[in-house]
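Below are the chains, spelled out letter by letter.
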Amino acid sequence: MEFTVAQLAFMLEGTVEGDGEQKINMLAKIQEAKPHQISFLSNPKYEPHIYTTEATAIIVSKDFKPREKLNTTLIRVEDPYLAFSAILDEYHKYLSFQKVGVEEPCFIGNNSEVGEEVYRGAFSYIGSNVKIGSNVKIYPHAYIGDNCTIGNNTILHSGVKLYANTIVGSNCVFHAGLVIGSDGFGFAPQADGTYKTIPQLGNVVIGDDVHIGGNTVVDCAALPTDSTFIGKGTKLDNLIQVAHNVKIGKNTVIAAQTAIAGSAEIGDNCVFGGQVAISGHLKVPNKTSIGGQSGLGKNLKKEGMQMFGSPAFEIKDYYRSYAVFKNLPDLNIRLKQLEEKVLNLPTN
Amino acid sequence: MEFTVAQLAFMLEGTVEGDGEQKINMLAKIQEAKPHQISFLSNPKYEPHIYTTEATAIIVSKDFKPREKLNTTLIRVEDPYLAFSAILDEYHKYLSFQKVGVEEPCFIGNNSEVGEEVYRGAFSYIGSNVKIGSNVKIYPHAYIGDNCTIGNNTILHSGVKLYANTIVGSNCVFHAGLVIGSDGFGFAPQADGTYKTIPQLGNVVIGDDVHIGGNTVVDCAALPTDSTFIGKGTKLDNLIQVAHNVKIGKNTVIAAQTAIAGSAEIGDNCVFGGQVAISGHLKVPNKTSIGGQSGLGKNLKKEGMQMFGSPAFEIKDYYRSYAVFKNLPDLNIRLKQLEEKVLNLPTN
Amino acid sequence: MEFTVAQLAFMLEGTVEGDGEQKINMLAKIQEAKPHQISFLSNPKYEPHIYTTEATAIIVSKDFKPREKLNTTLIRVEDPYLAFSAILDEYHKYLSFQKVGVEEPCFIGNNSEVGEEVYRGAFSYIGSNVKIGSNVKIYPHAYIGDNCTIGNNTILHSGVKLYANTIVGSNCVFHAGLVIGSDGFGFAPQADGTYKTIPQLGNVVIGDDVHIGGNTVVDCAALPTDSTFIGKGTKLDNLIQVAHNVKIGKNTVIAAQTAIAGSAEIGDNCVFGGQVAISGHLKVPNKTSIGGQSGLGKNLKKEGMQMFGSPAFEIKDYYRSYAVFKNLPDLNIRLKQLEEKVLNLPTN
Numbered sequence: 001m002e003f004t005v006a007q008l009a010f011m012l013e014g015t016v017e018g019d020g021e022q023k024i025n026m027l028a029k030i031q032e033a034k035p036h037q038i039s040f041l042s043n044p045k046y047e048p049h050i051y052t053t054e055a056t057a058i059i060v061s062k063d064f065k066p067r068e069k070l071n072t073t074l075i076r077v078e079d080p081y082l083a084f085s086a087i088l089d090e091y092h093k094y095l096s097f098q099k100v101g102v103e104e105p106c107f108i109g110n111n112s113e114v115g116e117e118v119y120r121g122a123f124s125y126i127g128s129n130v131k132i133g134s135n136v137k138i139y140p141h142a143y144i145g146d147n148c149t150i151g152n153n154t155i156l157h158s159g160v161k162l163y164a165n166t167i168v169g170s171n172c173v174f175h176a177g178l179v180i181g182s183d184g185f186g187f188a189p190q191a192d193g194t195y196k197t198i199p200q201l202g203n204v205v206i207g208d209d210v211h212i213g214g215n216t217v218v219d220c221a222a223l224p225t226d227s228t229f230i231g232k233g234t235k236l237d238n239l240i241q242v243a244h245n246v247k248i249g250k251n252t253v254i255a256a257q258t259a260i261a262g263s264a265e266i267g268d269n270c271v272f273g274g275q276v277a278i279s280g281h282l283k284v285p286n287k288t289s290i291g292g293q294s295g296l297g298k299n300l301k302k303e304g305m306q307m308f309g310s311p312a313f314e315i316k317d318y319y320r321s322y323a324v325f326k327n328l329p330d331l332n333i334r335l336k337q338l339e340e341k342v343l344n345l346p347t348n
Numbered sequence: 001m002e003f004t005v006a007q008l009a010f011m012l013e014g015t016v017e018g019d020g021e022q023k024i025n026m027l028a029k030i031q032e033a034k035p036h037q038i039s040f041l042s043n044p045k046y047e048p049h050i051y052t053t054e055a056t057a058i059i060v061s062k063d064f065k066p067r068e069k070l071n072t073t074l075i076r077v078e079d080p081y082l083a084f085s086a087i088l089d090e091y092h093k094y095l096s097f098q099k100v101g102v103e104e105p106c107f108i109g110n111n112s113e114v115g116e117e118v119y120r121g122a123f124s125y126i127g128s129n130v131k132i133g134s135n136v137k138i139y140p141h142a143y144i145g146d147n148c149t150i151g152n153n154t155i156l157h158s159g160v161k162l163y164a165n166t167i168v169g170s171n172c173v174f175h176a177g178l179v180i181g182s183d184g185f186g187f188a189p190q191a192d193g194t195y196k197t198i199p200q201l202g203n204v205v206i207g208d209d210v211h212i213g214g215n216t217v218v219d220c221a222a223l224p225t226d227s228t229f230i231g232k233g234t235k236l237d238n239l240i241q242v243a244h245n246v247k248i249g250k251n252t253v254i255a256a257q258t259a260i261a262g263s264a265e266i267g268d269n270c271v272f273g274g275q276v277a278i279s280g281h282l283k284v285p286n287k288t289s290i291g292g293q294s295g296l297g298k299n300l301k302k303e304g305m306q307m308f309g310s311p312a313f314e315i316k317d318y319y320r321s322y323a324v325f326k327n328l329p330d331l332n333i334r335l336k337q338l339e340e341k342v343l344n345l346p347t348n
Numbered sequence: 001m002e003f004t005v006a007q008l009a010f011m012l013e014g015t016v017e018g019d020g021e022q023k024i025n026m027l028a029k030i031q032e033a034k035p036h037q038i039s040f041l042s043n044p045k046y047e048p049h050i051y052t053t054e055a056t057a058i059i060v061s062k063d064f065k066p067r068e069k070l071n072t073t074l075i076r077v078e079d080p081y082l083a084f085s086a087i088l089d090e091y092h093k094y095l096s097f098q099k100v101g102v103e104e105p106c107f108i109g110n111n112s113e114v115g116e117e118v119y120r121g122a123f124s125y126i127g128s129n130v131k132i133g134s135n136v137k138i139y140p141h142a143y144i145g146d147n148c149t150i151g152n153n154t155i156l157h158s159g160v161k162l163y164a165n166t167i168v169g170s171n172c173v174f175h176a177g178l179v180i181g182s183d184g185f186g187f188a189p190q191a192d193g194t195y196k197t198i199p200q201l202g203n204v205v206i207g208d209d210v211h212i213g214g215n216t217v218v219d220c221a222a223l224p225t226d227s228t229f230i231g232k233g234t235k236l237d238n239l240i241q242v243a244h245n246v247k248i249g250k251n252t253v254i255a256a257q258t259a260i261a262g263s264a265e266i267g268d269n270c271v272f273g274g275q276v277a278i279s280g281h282l283k284v285p286n287k288t289s290i291g292g293q294s295g296l297g298k299n300l301k302k303e304g305m306q307m308f309g310s311p312a313f314e315i316k317d318y319y320r321s322y323a324v325f326k327n328l329p330d331l332n333i334r335l336k337q338l339e340e341k342v343l344n345l346p347t348n
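Residue numbers (my numbering), protein chains in the order written: chain A, 1 to 348; chain B, 1 to 348; chain C, 1 to 348.
Don't read these hints as lab results, they were simulated from the structure. We put the CB at the ideal spot given by N, CA and C, even for glycine. Treat each hint with caution, since some may be false.
Here are the simulated DMTMM-like cross-link-like pairs (lysine to aspartate or glutamate), alpha carbons at most 20 Å apart as the crow flies [claimed, not checked]: (1) 99(A) / 113(A); (2) 232(B) / 192(A); (3) 341(A) / 340(C); (4) 336(B) / 340(A); (5) 341(C) / 54(A); (6) 196(C) / 208(A); (7) 336(C) / 340(A); (8) 196(C) / 192(A); (9) 336(A) / 339(C); (10) 326(C) / 78(B).
A few chain B residues that don't get close to chain A, going by computed Cβ distances all over 12 Å [stated by the list, open to error]: (11) 16; (12) 42; (13) 114; (14) 178; (15) 190; (16) 193; (17) 298; (18) 330.
Go ahead and model the full structure; you've got the sequences and the hints to work with.
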């Protein structure tokens, strides 16, 4: 990335004060920025840094009045924080989609179609009968099994593995080592103590705008016409377990190392902390919030509940119990003292 | 997969009522089945669907008497559920073993032997002095280090990594991203606060019929003649941690994200929930059952115990304590009221 | 590895009693050793094994006086345990660094530099503008993104993934499936219930002598000039989550499946058990110890504290509360009995 200050100001609908021809190639915090970097000043607390910064340019408010001499060029805009975020977004988009073309060797099976502006990294694998949209980025060592479908603008980082028949929407981001479509954990106990494998023949369907973190695992559904499902706009962090036949709704956010057991149904707009566990076959209503390390073991009665603990109950009740738990040794002593006192009382 | 109804009926020792020449290419639930799919009717609750199903064929009991007109062909058998399961099993086996041959490029080192009907996917890696049985399926990006041995019919999905010297039995299924044989976590604290690496030189030995889920990690043993061991018929889910020198018995089932610390010995026919932790050097007796998110920190006295909590104790005792825990704020108030009452009593 | 007994004795500054020309190719426990293997006798409890061992040579103390006839050659040294450890260390180093050269096909981008004695396994990927030191071992399917730097003697096992711009020190060991530099989990809730991606543009910087286990994930920092940081000598086990902007100090040891949330700062010489969770933005002082499955949710006041529970407090207090927790049903009954007794008392 390299822009002039004037180009950035044009993009941000701002005005330049200083040399607009200087080059910018990076964004930084105001207190750490170096030459050829751009930063912003929004919170007045950081104003002292603008007089000492090495940044080539600083985005400031239209109304900003410097109280000392400045050594940096200014871009004046309506809202400096939003303007800086807009450059971050553009830079991020630029980085995410800059790779195009085919690095050799890579593999593609029969009857597979690939859209325009696609990146196929070295050692990436595309099976047979696969449909890949435009602007999809397939990093090295990614694996796309037979019959998969992937929408436009989706990014598969290095080592992502999609088992056969997986369907992925557009604008998804999948991080390195993610596994989608592995067999559900289904084994039937036999009379002799061994286990018989229950065939796992379904697939995984993932909506648009879904982000999934590194080394997460999403199992396929059991029956061949069923799907494990992750809804549009949902975000899963790293190292999460999603078991077979799970359905996750839209715009639900789940932090790292959480496990969702088989056939659970998670609603829309839920927020789960890290290391949460959801028992199998539960239905979790929309807007449910669950604190980190909690274990949900029963169905909830309404939307929007906040749960905590293992097993979890309502967070405000949990913390009231937990406060007493921390004082249990004291409570135990008080009870003993009372017992002794009562023992020594005159009785009827 | 494509069969005629008559071929499936022959396989199931059933009789056809309708057109036996129709083609079947998929299995489905009776309420969702489409043309060229087969389903079954076992539970009478689902009987209404048989009169409206689009399925080409339905497996029914010998005694089934339709109460309305049918638009589907029937296969009559002794037990429709078992018959349908048998087709699922066959279909699963067919899918699992259909890949055969070598996709280029792939890598194989010196002195390595590969059996018949093996699949070696593109970008799969086989080191030197490796012995691979017949009908083994090695998906793309699988890595098999030097001196490994793999029995017949074992499936290594994409990106499975076996470090050097790993020994794997027959009929195993290893899911994508599984790591076997990484260094145990052994570091000796030094006087200056740093840690010295304790060499991890052993290997991992895995019995027949073992299934292991995606992105699970199994560390090697420490001493060069020792092994981390997983017994015949044991099933491990996704994202599990098995530390160095662990021994797991036969037919033990462990759910996702469980961690077994170093040198622990797990018996046969145990069942652990998800996110369980087992402390190092414990011996867990046969048939022990441990609930999800529990942490076992001490040895158990006998087989077949059911444990829960972190730290875990017997599940029935845990739930009795937990019931009081939920009422601790109330208990605390009752104790205070009693204290006040007793304070106001006449004393001796 | 193959040495004569005399060569090993020379290396250990010991003296040979017996045939120094015999070949040794493996190390083993005294009770399990086979011909051409070497073991040691340090603990007198194991002395009986020396009279029956099949080992070709045993390392013993200078003062050892056999009470029976020996069938094995002796190497006499000052401290047999240390001597055996030294051979283990040498053997480990030999195994770790024996691979050298380039296996084809492998990939290297433009402007990338590779030092001497490097191993580049088949299907390994090195992007553009990468700097790799001497004696670095890059196993098959490892991925090194653009602009990465890796110090001397660092080992990347099969399938390690380094995103672009990652900086790694010398003498590191990274195990299979490790992901470094994936996007931090940053999403801003919007008024319509959807989430907007907060660009994650920083990198990860890892010091010298850092070991990281299999399938662990370390996210990059958010701002382009920020780094997630792991200090010199720190050891992370398998399947750990390190979120964006986390800083981990020197010589800190963290067991498997632990999660450290965003922007947390972990001090030097900490020890965390498995499945621990650290909340975002916390500062954990040096020498903090946290027991397995604990969840730290608040800042600590001083160094060296020992914490336990979820949420965690001081371990000795936790166990005192936990002891009462196990007796809560009994405590509840005692309280009820007391209430009845007091009810029946004469009042003022």
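Non-interface claim for residue 193(B): all C-beta distances to chain A beyond 12 Å? Holds, because the least Cβ-Cβ distance between residue 193(B) and chain A comes to about 29 Å, which exceeds 12 Å.
Keeping to a limit of 20 Å between CA atoms, is the pair of residue 196(C) and residue 192(A) held or broken? It is violated: about 53 Å lies between the C-alpha atoms, which goes past 20 Å.
For residue 330(B), is the shortest CB-to-CB distance to chain A above 12 Å, so the non-interface label stands? violated, 9 Å
Would you mind confirming whether the straight-line C-alpha gap from residue 336(C) to residue 340(A) stays at or under 20 Å? holds, 15 Å
Would the pair residue 341(C) and residue 54(A) pass a check requiring their Cα atoms to be no farther apart than 20 Å? violated, 78 Å
No chain A beta carbon within 12 Å of residue 16(B)'s: Given that every Cβ of chain A is farther than 12 Å from that of residue 16(B), nearest at about 22 Å, it holds.
Hinted pair, alpha-carbon criterion (20 Å max): residue 336(A), residue 339(C). Please report holds or violated. With Cα atoms ~13 Å apart, residue 336(A) and residue 339(C) stay inside 20 Å; holds.
Would residue 178(B) pass as off the interface with chain A, using Cβ distances and a cut of 12 Å? violated, 9 Å
Please settle this one: residue 298(B) was flagged as non-interface, so is its CB more than 12 Å from every CB on chain A? Its Cβ never comes within 12 Å of chain A, the nearest being 19 Å, so this holds.
Next pair to validate is residue 232(B) with residue 192(A); report whether the Cα-Cα distance is within 20 Å. Roughly 13 Å separates the two Cα atoms, so the pair holds.
Regarding the pair residue 341(A) and residue 340(C), is the alpha-carbon distance no greater than 20 Å? holds, 14 Å
Residue 336(B) and residue 340(A) were given as a pair; does the straight-line alpha-carbon distance stay at or below 20 Å? Holds, at about 16 Å.
Against the hints set out earlier in the document, violations occur for numbers 5, 8, 10, 14, 18.
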